[in-house]
Amino acid sequence: MTDSKYFTTTKKGEIFELKAELNSDKKEKKKEAVKKVIASMTVGKDVSALFPDVVNCMQTDNLELKKLVYLYLMNYAKSQPDMAIMAVNTFVKDCEDPNPLIRALAVRTMGCIRVDKITEYLCEPLRKCLKDEDPYVRKTAAVCVAKLHDINAQLVEDQGFLDTLKDLISDSNPMVVANAVAALSEIAESHPSSNLLDLNPQSINKLLTALNECTEWGQIFILDCLANYMPKDDREAQSICERVTPRLSHANSAVVLSAVKVLMKFMEMLSKDLDYYGTLLKKLAPPLVTLLSAEPELQYVALRNINLIVQKRPEILKHEMKVFFVKYNDPIYVKLEKLDIMIRLASQANIAQVLAELKEYATEVDVDFVRKAVRAIGRCAIKVEQSAERCVSTLLDLIQTKVNYVVQEAIVVIKDIFRKYPNKYESVIATLCENLDSLDEPEARAAMIWIVGEYAERIDNADELLESFLEGFHDESTQVQLQLLTAIVKLFLKKPTETQELVQQVLSLATQDSDNPDLRDRGYIYWRLLSTDPVAAKEVVLAEKPLISEETDLIEPTLLDELICYIGTLASVYHKPPSAFVEGSRGVVHKSLPPRTGSSESTESPDAAPSAVQAAEQPAVIPTQGDLLGDLLNLDLSPPVSGPPIATSSVQMGAVDLLGGGLDSLLRSDVGGSPAMGGSGGFAPAPSTAMPANLGAPLGSGLGDLFDLTGGVGTLSGSYVAPKTVWLPAMKAKGLEISGTFSRQVGSISMDLVLTNKALQVMSDFAIQFNRNSFGLAPAAPLQVHAPLAPNQSVEISLPLNTVGSVMKMDPLNNLQVAVKNNIDVFYFSTLYPLHILFVEDGKMERQMFLATWKDIPNENEAQFQIKDCSLNTDAVSSKLQGSNIFTIAKRNVEGQDMLYQSLKLTNGIWVLAELRIQPGNPSFTLSLKCRAPEVSQYIYQAYETILKN
Amino acid sequence: MIHSLFLINASGDIFLEKHWKSVVSRSVCDYFFEAQERASEAENVPPVIPTPHHYLLSVYRHKIFFVAVIQSEVPPLFVIEFLHRVVDTFQDYFGVCSEVMIKDNVVVVYEVLEEMLDNGFPLATESNILKELIKPPTILRTVVNTITGSTNVGDQLPTGQLSVVPWRRTGVKYTNNEAYFDVIEEIDAIIDKSGSTITAEIQGVVDACVKLTGMPDLTLSFMNPRLLDDVSFHPCVRFKRWESERILSFIPPDGNFRLLSYHVSAQNLVAIPVYVKHNISFRDSSSLGRFEITVGPKQTMGKTVEGVMVTSQMPKGVLNMTLTPSQGTHIFDPVTKLLSWDVGKINPQKLPSLKGSVSLQAGTSKPDENPTINLQFKIQQLAISGLKVNRLDMYGEKYKPFKGIKYMTKAGKFQVRT
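Protein chains in written order, with UniProt numbering: chain A, 1 to 950; chain B, 1 to 418.
It is worth saying that the hints were derived from the structure and are not from the lab.
Treat the hints with care, since some could be wrong.
To be verified - List time: in silico DSSO-like cross-link candidates among lysine-lysine, alpha-carbon distance up to 30 Å:
no. : chain 1 : residue 1 : chain 2 : residue 2
1   : B       : Lys240    : A       : Lys282
2   : A       : Lys322    : B       : Lys193
3   : A       : Lys359    : A       : Lys322
4   : B       : Lys240    : A       : Lys318
5   : A       : Lys322    : B       : Lys388
6   : A       : Lys855    : A       : Lys821
7   : B       : Lys131    : A       : Lys93
8   : B       : Lys298    : B       : Lys388
9   : B       : Lys21     : A       : Lys131
10  : A       : Lys327    : B       : Lys135
11  : A       : Lys402    : B       : Lys316
12  : A       : Lys327    : A       : Lys576
13  : A       : Lys35     : A       : Lys45
14  : A       : Lys359    : B       : Lys413
15  : A       : Lys206    : A       : Lys128
16  : B       : Lys131    : A       : Lys26
17  : A       : Lys78     : B       : Lys21
18  : B       : Lys413    : A       : Lys93
19  : A       : Lys29     : B       : Lys131
20  : A       : Lys206    : A       : Lys166
21  : B       : Lys337    : A       : Lys327
22  : B       : Lys298    : A       : Lys45
23  : B       : Lys410    : A       : Lys576
24  : B       : Lys316    : A       : Lys359
25  : A       : Lys758    : A       : Lys724
26  : B       : Lys135    : A       : Lys93
27  : A       : Lys327    : B       : Lys63
28  : A       : Lys45     : B       : Lys63
29  : A       : Lys318    : A       : Lys166
30  : B       : Lys21     : A       : Lys117
Build the full structure now, drawing on both the sequences and the hints.
The following block contains the structure:
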């Protein structure tokens, strides 16, 4: 006889029959009936109608029956709150039972009944149970507080249960401690502000003691709690690490990973030249490797975490490459993760092995996996330069297999290899072209088109190839269309004579027949460029491309640091901070790694070297997608267009003529034929394009127009200039009034002055001198006032400045003391200059440099400011700042906020890195500045404010 | 913490649900079914699935999906480990863990699950303690219970629950006191085409079956403890003693348990006990290919290799295989394209081989992928890493126990590429 009998039903109606049995006098029958009810419940049948009958069975000495009734109650009390009250008396009575098992059972069940009326009755028994002599009851009661808090948080606070719970952290029984910690952690999660787990060295010590003695689950709770503690110095961090390391040998993988989290976090505080630091690094590798021999589900979570760990500290697993080799029968989700980590660990030392493996994987059956393996080969080539050649030949081998998706994937990665190592592997182009017809995926087609366009001069039939794509232009995906447009324009610029028709065709396809604004806009940009100034077009379209990054999916350092604090949690599986996805957490506290302690002077220098190396190994985050298509749009338009010399136009006469004749007539007919086009696109046909005779017009104008249309990036205006203010009032200077401001234009700083004579006599013999100042500002030329200044006359002077004067640190930093002399006297005044006049034009840092520098600058140097009441959107901000030589290096969208990563350089060579966080709709921006000379941050912030608000 | 648990069978029916907090509608499993549909095989269903309001963490064991529902940030390993513990417990209680068994014992299952978690926090997961709280069903007990009306629920607080040795109950009594240890090593290896080892590592365990009266305190020492530099212990092992003296000292749980598991990494030289000679070619021109494999012993320290089983997944283009084995039996399943050959023992004088032809689908091109050969084998009386137990001593009790040690080497994931 088995329990399956409980599932059998009779014709009469199950519920009816059960009701009769539940009310039977025979104990045995009753119990059987309750079992049937439970069985129905487990398969999701609704048996709530039996509530009163089941509750009637509660008062019994039979523990099994009691438990079964409790099980039922927990499930259905919520749907029958009034009936549930009937059960209260029994609960309260059971809480006084001499048997601790029954006491615990009663308090535990009561907590699970989510009915307000019952919780009121729960308070008294719970209070008693929290102080029960039996630890089993205490530990159950601790969890019950968490349950109650979930139902009615206010009640728990009012009744003072939280304090009692905190006291339990000092309980003599480790199991009680562990449960108290677990309960407090859960409560704290929904109350991020409350300082529930207020950890101090004493409580930490208690937790560490309990850690050794409690169950594996308790160990997880305690370790997770320890990870939130911030040790006061490196010595304390080390002693905690020492007591946590034995957990690395635990059989339960969750314990191991939680221990790894604590160690990874506290390691941050240890100095790298400590012996212990090295020991710890060595100890971390074996447990991580062991996790990979566990069940596949555990492996998956472990691999996601290892992915973070190798990004943070690649040295831990650098010798363990082989354990990540993919086994034939690993589940696909494990295979893909392993592959990812193999690439991260790939280095010159092991590249041969890795490549051999990857090649092997590329012949497997699973399509996703094969694709990723092929892609991985490309990443290896880009990451390890020495291996590039071998990677390319491996890829060619794979192309020879003619397996469709392998070929396509290989072409996509070869495109990246071309970008990374230009003019090296172009000999393979012929092979690639052979496979043109088999490409049916947009990404592969786009890649192939890019290659054809980029190397158009080496491919004899480039025009034919591109033309063949053009036939089905409107059926292609946007990606391919955009790429085709760019490629044909490139081709045209390289071989203008033969391809004029083609370019006209593609431009009209893109601008007239397309609904896609991106495509249209790009079409118009090219069109204008080509028609107004082919030379500039050449410079723009065929410009040097930004470097391709080695790894495309590295996590940005600040996020990585935060994720390290979340090792072993869901956040680490998704590689997102919990705030991004956990529901119900009302405002999650952002965790951050502890700063390294110890005297900064002594540890700084040995530190800097390795971290720089590390940074060099894992460079910038660049979204792959954009690289290919975005090269045009990424072009740095910032420096004021120093228009290409007009003289060269004669060389390009051929092209210009063509344009004049062909394109313009085309355009003109367009303008006439479809007036809607000009209006809809927002491009009023510029006169310069309509009139071929206008070719001699200033070159800048057409381009200027264009730039105006794209949002005013790089207009000639230079940086922001504040209105003039009075620096020296007349009454202080015997009638001489000086007002002025500072400006920066095209790389030179000037002081714009207005001298007004308010005295009654003529002033002459003006001269100016600066005191030594923080940035060595000095007049680059004497103050030239040509004619004597008559009474009530003003003169405007722009005084060029340089920064080669002698330097002395001023307070405030941007203070400038000026002496002005005239025929009457010498006058002194001081003024504050805005720091942005010192931002130089070449302040745009390479992405990789930026990343490395950001990491390299210690966290103490980071300063955070709020810019309030600024209503600009991200793009406007970025272009506005760019006008003042604050360059946006990367833009990312994290959790709905736009993050701008910016750099600027001061005249004295100080780099300042900035992270500007903008939340759409919120007028307050957050500005984080990192700089080796933190004292400038304040003034940089002021400069930001000035620029953005004017 | 863990909110709910759903058990789902291979055909996609939810046959058990348990909620530890409020009830979560079973419609949440629809997201799981979607993922299941996307995955080609049950093994490939991702273990963590996000849904708009919950997360589903699942393990697939014994053809059953154990799907846990969680709502807040919880360590996923904790959940997965717990699910494994549930599987182990079921197996421990009912002998096998299958849908039929679970349905047959649904009330016990429900009671056990209730004891294992409280509000999503683990409460009692040690099988010793659980068995005291809820007695496993035996035929005898069921009969007795029906007659006498007694229950299979313990009404006393389990003794182990709060002691410093939660894994052992007090008052254990045996007439025959015995302690057996099995050292079992599995070799995971990837061998390339030419027969050289790409990677090989050993996953070892020491499983124990200890039936000793009272509270015995055991020490186990090894001849070559240096091999064990990457170990995971049962909580009963005193870690400090291991750190300082490399001796395992512990009060054992009662019955069967895993004392330690260890890992001998790829960096050490791992002996490979067998080799496979293969010659598989799918010819382009005709639709017939050639297939030949021979298995032979390599570094076996003079022991016999037995229980040899060769399996290989053939490419889709293979229609059939006509093979003759020199020993054992073989099957080729033309539907799944799986070839398996049960070899049995390897006789070094007469190496087992399997030869014949492969018929390919006419007209299609040669398959691109090369089949991988999976190998299973066993070697008794040998721990391939060379690990040897030195001695076992018992303190704390007066009687003399009977002691035994067994060694065994097995193939884990042992793959030969062709």
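Does the structure break any of the earlier hints, and which numbers would those be? Failing hints, ascending: 6, 10, 18, 22, 23, 29.
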